[in-house]
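Q: Starting from the known structure of chain P, arrange chain H on it as the hints suggest.
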Amino acid sequence: DEHLVESGGGLIQPGRSLRLSCKGSGVSLGDHSLTWVRQSPGKGLEWVGLIRSRGYGGTTDYAASVQGRFTISRDDSQNMAYLQMTSLKIEDTGVYYCVRDDLLLGSGSYWHVDAHWGQGIPVTVSS
Amino acid sequence: DIQMTQSPSSLSASVGDRVSITCRASQGINTYLNWFQQKPGKAPTLLIYAASSLQDEVSSRFSGSGSGTDFTLTITSLQPEDSAIYYCQQSYRTPRTFGQGTKVEIK
Numbered sequence: 003d004e005h006l007v008e009s010g011g012g013l014i015q016p017g018r019s020l021r022l023s024c025k026g027s028g029v030s031l032g033d034h035s036l037t038w039v040r041q042s043p044g045k046g047l048e049w050v051g052l053i054r055s056r057g058y059g060g061t062t063d064y065a066a067s068v069q070g071r072f073t074i075s076r077d078d079s080q081n082m083a084y085l086q087m088t089s090l091k092i093e094d095t096g097v098y099y100c101v102r103d104d105l106l107l108g109s110g111s112y113w114h115v116d117a118h119w120g121q122g123i124p125v126t127v128s129s
Numbered sequence: 019d020i021q022m023t024q025s026p027s028s029l030s031a032s033v034g035d036r037v038s039i040t041c042r043a044s045q046g047i048n049t050y051l052n053w054f055q056q057k058p059g060k061a062p063t064l065l066i067y068a069a070s071s072l073q074d075e076v077s078s079r080f081s082g083s084g085s086g087t088d089f090t091l092t093i094t095s096l097q098p099e100d101s102a103i104y105y106c107q108q109s110y111r112t113p114r115t116f117g118q119g120t121k122v123e124i125k
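Line by line, the protein sequences give chains P and H. Under the working numbering, think of the first position of the first sequence as 3, with each following residue one higher. Under the working numbering, think of the first position of the second sequence as 19, with each following residue one higher.
None of these hints come from the bench; they were simulated from the model. All figures in this text were calculated on a predicted structure; none of them were measured in a lab. Note that the Cβ used here is the ideal one computed from N, Cα and C, for glycine as well. This list has only true hints and no planted wrong ones.
Derived Cβ-Cβ restraints for the label pairs, each shown as a range:
id: 1; chain 1: P; residue 1: GLU93; chain 2: H; residue 2: SER27; range: 14 to 24 angstroms
id: 2; chain 1: H; residue 1: SER77; chain 2: P; residue 2: SER89; range: 36 to 46 angstroms
id: 3; chain 1: H; residue 1: SER95; chain 2: P; residue 2: LEU13; range: 41 to 51 angstroms
id: 4; chain 1: H; residue 1: ARG111; chain 2: P; residue 2: LYS45; range: 16 to 26 angstroms
id: 5; chain 1: H; residue 1: VAL33; chain 2: P; residue 2: GLU93; range: 32 to 42 angstroms
Looking at chain P on its own, in the form it has when it is part of the complex (with noise of 0.2 angstroms):
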């Protein structure tokens, strides 16, 4: 059975740092690009950033939101993502998902997507 599983979540007080984890169970990461999208309570999804593979050169790119204070790194050898979270801000409360992209056949090519996505882990930033 293949699972993300997230971790590190929880309440943490406004510019503190915190730093989340995903795993993969039974699912390889290690040539896949990960990202990073978190939702907020009763609200819709927002792309946080993504690190694309080693094959594509490991690079990260974020959303203007969190650009600087966030960083999203891997490790292959662990099977490991993980999402630095600093600075944090009272909005930045949500749930976080940790999702693969995968390389799907479709009308006659291969499309990179969202495709495999973590249970979520809830993040409180609050004093």
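A: Leaving out everything else, chain H in the frame of chain P:
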């Protein structure tokens, strides 16, 4: 950033109805458009990718169409288990932005 706008924000329909949700991109995205379904307390699941390709094990009642800036998700013969929020997402470039969601309720 590419803005994604869905309509309607919510709809209510009866079992067996055909329903459609539209998604408009602020610029052309070819067919780099995905649809997700999210049920309460659960992670989103992929329904449609590349605008019209059905993800494995997803019911054929779901279909997608469109290219460029205008896209549609159609559910034929709505079922009680289709009650959920549906999101579109562009994967043309990062940030891979989502629409604001469409809540589908069963009358």
